[in-house]
Amino acid sequence: MTVQGPTVGRRRLRTALRRAREAAGLTQEQVASAMDWSLSKLIRIEAGAVSISTNDVKALLQHYRVADPALVEELVELARASRRRAWWSRYRDALPASYTALIGLESEAVELRFFQAVGIPGLLQTEAYARAIFTAAVPPGWTGPVDVDLAVEVRLRRQREVLDRPQPPTMRVVLDEATLHRQTGGAACLREQLEHLVAMAERPEITIQVLPFTATDYAVAAPFTILSFADPDDTDVVYVEAAMSQDVIDNPDAVRPYQLMFPRLQEKALSPEDSVALIAKIASELA
Amino acid sequence: MSPVDGPALGRRRLRAALRAARLAAGLTQEQVAAAMDWSLSKVIRIESGAVSVSTTDVRALVRLYGITDPRQVDELVALARRSRRRQWFSSLRRNLPAPYAAYIGLEAETSFIRYFHPTGLPNLFQTEAYAAASTFRGDAHHLAVRRARQRELLNRPDPPEVVALLAEGVLRRIADGPDDLGGQLEHLRALGDRPNITIQVLPFTAGIFQFRGPFAILQFPQPDADVMFVESAVADDVIDQPEVVGAFREEFDRARELALSPAETRLLITRLIESASERGEARGG
Numbered sequence: 554m555t556v557q558g559p560t561v562g563r564r565r566l567r568t569a570l571r572r573a574r575e576a577a578g579l580t581q582e583q584v585a586s587a588m589d590w591s592l593s594k595l596i597r598i599e600a601g602a603v604s605i606s607t608n609d610v611k612a613l614l615q616h617y618r619v620a621d622p623a624l625v626e627e628l629v630e631l632a633r634a635s636r637r638r639a640w641w642s643r644y645r646d647a648l649p650a651s652y653t654a655l656i657g658l659e660s661e662a663v664e665l666r667f668f669q670a671v672g673i674p675g676l677l678q679t680e681a682y683a684r685a686i687f688t689a690a691v692p693p694g695w696t697g698p699v700d701v702d703l704a705v706e707v708r709l710r711r712q713r714e715v716l717d718r719p720q721p722p723t724m725r726v727v728l729d730e731a732t733l734h735r736q737t738g739g740a741a742c743l744r745e746q747l748e749h750l751v752a753m754a755e756r757p758e759i760t761i762q763v764l765p766f767t768a769t770d771y772a773v774a775a776p777f778t779i780l781s782f783a784d785p786d787d788t789d790v791v792y793v794e795a796a797m798s799q800d801v802i803d804n805p806d807a808v809r810p811y812q813l814m815f816p817r818l819q820e821k822a823l824s825p826e827d828s829v830a831l832i833a834k835i836a837s838e839l840a
Numbered sequence: 004m005s006p007v008d009g010p011a012l013g014r015r016r017l018r019a020a021l022r023a024a025r026l027a028a029g030l031t032q033e034q035v036a037a038a039m040d041w042s043l044s045k046v047i048r049i050e051s052g053a054v055s056v057s058t059t060d061v062r063a064l065v066r067l068y069g070i071t072d073p074r075q076v077d078e079l080v081a082l083a084r085r086s087r088r089r090q091w092f093s094s095l096r097r098n099l100p101a102p103y104a105a106y107i108g109l110e111a112e113t114s115f116i117r118y119f120h121p122t123g124l125p126n127l128f129q130t131e132a133y134a135a136a137s138t139f140r141g142d143a144h145h146l147a148v149r150r151a152r153q154r155e156l157l158n159r160p161d162p163p164e165v166v167a168l169l170a171e172g173v174l175r176r177i178a179d180g181p182d183d184l185g186g187q188l189e190h191l192r193a194l195g196d197r198p199n200i201t202i203q204v205l206p207f208t209a210g211i212f213q214f215r216g217p218f219a220i221l222q223f224p225q226p227d228a229d230v231m232f233v234e235s236a237v238a239d240d241v242i243d244q245p246e247v248v249g250a251f252r253e254e255f256d257r258a259r260e261l262a263l264s265p266a267e268t269r270l271l272i273t274r275l276i277e278s279a280s281e282r283g284e285a286r287g288g
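The listed protein sequences correspond, in order, to chains V and B. Taking the numbering used here, the leading residue of the first sequence gets 554, the next gets one more, and so forth. Taking the numbering used here, the leading residue of the second sequence gets 4, the next gets one more, and so forth.
I should point out that these hints are in silico values taken from the structure, not numbers from a laboratory. Hints are all accurate, no fakes.
With the Cβ distance kept under 10 angstroms, some of the chain V side facing chain B (calculated, not the full set): (1) Y682; (2) A731; (3) R735; (4) T737; (5) L743; (6) T767; (7) A768; (8) D770; (9) P776; (10) V793; (11) M797; (12) S798.
Since we're looking at a predicted model, the values are computed, not measured. Quick reminder that beta carbons are idealized off the backbone N, C-alpha and C, glycines included.
Bound-form chain B, shown alone:
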């Protein structure tokens, strides 16, 4: 199975297709609910992609919407089947907030990730010790989910391209802090050496960030299919309005021009590793 044919994208495409078909048939969600003997909320949740839908239900909806082209019917049924397929994270996901769960599903199928974080490291780059020492998302379940995401995504036979913009202050904090954090800086340097991972540091000289908080942009082959995951103190959110995601993607790529090149970034990390170990020796450690 190619990762881009996974359930999360399938569900997303199915929900858009079902919605478009209903509108083309000139039906309201209420009318559909009444005709199918469903609650209104079931229709709403199907169309928002919050739940998967059985192939029987898809066939019934398709009939109601007057879709008769057998190829189109088969395609929708196949999408429904695909959107119900279990993934490695299906069981882990249950106790997570819905946007984060949705993000994990999409992340598993993306071919390109852009990542920005002003005050910490991307989940995918963290050592166990760093993750445990981080202020947020520190509970055991989140740590287990992070570990599984890291394992599945980075060790996939065809891992996604990852471009991460890191803040110089985040690296300085790791280098100057009293703990080794499981060799976090060495780990970061090794990740940057992988062919599919590009790490660039936004140096202090680049000034304030363009962005007021962390986000990840997941890219998909279909046009306008990119989604953005934003973390905030109030609620995480998956955003898929093309104009918003597109604006952030452009800004991200502009910010890369202000950042150190991957080679300069590697040098900086190496320098920080050396200064940290000198300090450690000076302390007799």
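Okay, chain V solo, but in the shape it has when bound:
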């Protein structure tokens, strides 16, 4: 078993529990009533919205007549892992649920693929650039003030947790050329950001490609991130943002278009060498 972290563990556990219930031919209502739980407790467990105690897992599996000791042990271990506290737990109240889900997933991913058409991906941002974004941008559903310091703190912590891992994930990045010209935080801030990108591209696990204005792609896709995991049983997840929402998509059918789109964007993009040269050139032309 290759699962280490709480997020992927919870995701796999919830799928396994749901399958076991369906194999036993039971409805959620029947199970809730047999366990003396509210229906909503079971629904939330199966949706992955709450963690589940190891005792509850054992009781459920017994009820579902899952007897294979290896399987039971694996699922109990998943439940244990899914209750482990992570560094972002203390920010949970301050951040949207889908954003903490992203943080959990990215901290356990082995490959991250980004398409960005608006800004530079959060994991590759300088502090000044991140601060400029949080100062300027209105979060989804915004109606009040934003805690810029907290947002920057979380972003920098994410970078350390992912990039400084003993085995950091592979990161493939496709950037719309516009992201290299958009002077977020001013020209000097962008220049520093672009130089940071050039430096990051030297890391063996990071590949950066630019989708140039000359490509045959006119209305480019909205930004997205595809996260992949070590175990093939853990299917890819996509993270997308919109004006009013941010979402984690993990239904394989909904993920597939992104899996198909990313290689097409890579093909239309400049080679990694030409891309880094272009980024460096744009940086050098900024005052």
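For this one, chain V is given, so just place chain B on it according to the hints.
Using the frame of chain V, we list chain B on its own:
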């Protein structure tokens, strides 16, 4: 018929009035369903504006809610009649996701549209070639709907005011790409010359957008009646909470101050058209 008296707004107003009347009568949706011999889902769909309601049904509801003022009854019945009126898009709408269909109905009745898109052009401004070359919404039905919306809305005798904030990168992509896209930039410039259309480009120097995705805000004469349409990869959505729409409208108007003026925008578009045609000649095209 004035466009602001159309079926979409009628339905919206009717659903709010029916809901308020039910609550005033102290009835739950379940009680109403039971009293009318309807399914609960019918009541829910009427009150959410997802379906229209016949004038007979409105009269029956009004009786149940104890509304006796004849003027009020007539007004609700008139709203019901109006909300069932067919529009040019009634037949096109059938195969569209509900939020998009609702948006088209509201768009047909608005007097003012604010539009922002970070990575593409507004539907209403696209040439056929641009729409066909766009990554999304490219299927034949969507293209037909886009074409009809454009025709009906922009050629209306009293077209709505449109203010669009465009991203400089979107224009650069059109100018630098290998295709002419049916004269998309010329078309854009001509649209901007219309008295009811204001186009402003957010230049690269303005930095990151305030907004993380595209949206349109439709304005209506009634206070707090504005709605916002947001597109996302997961689901499009029509939002009508006044505090949310109001916050986005304020931010939009602030973003306009960071954008090029309409005149500067026209100059930029002209420059891009010229540089594109020079490149075309240099390629021998």
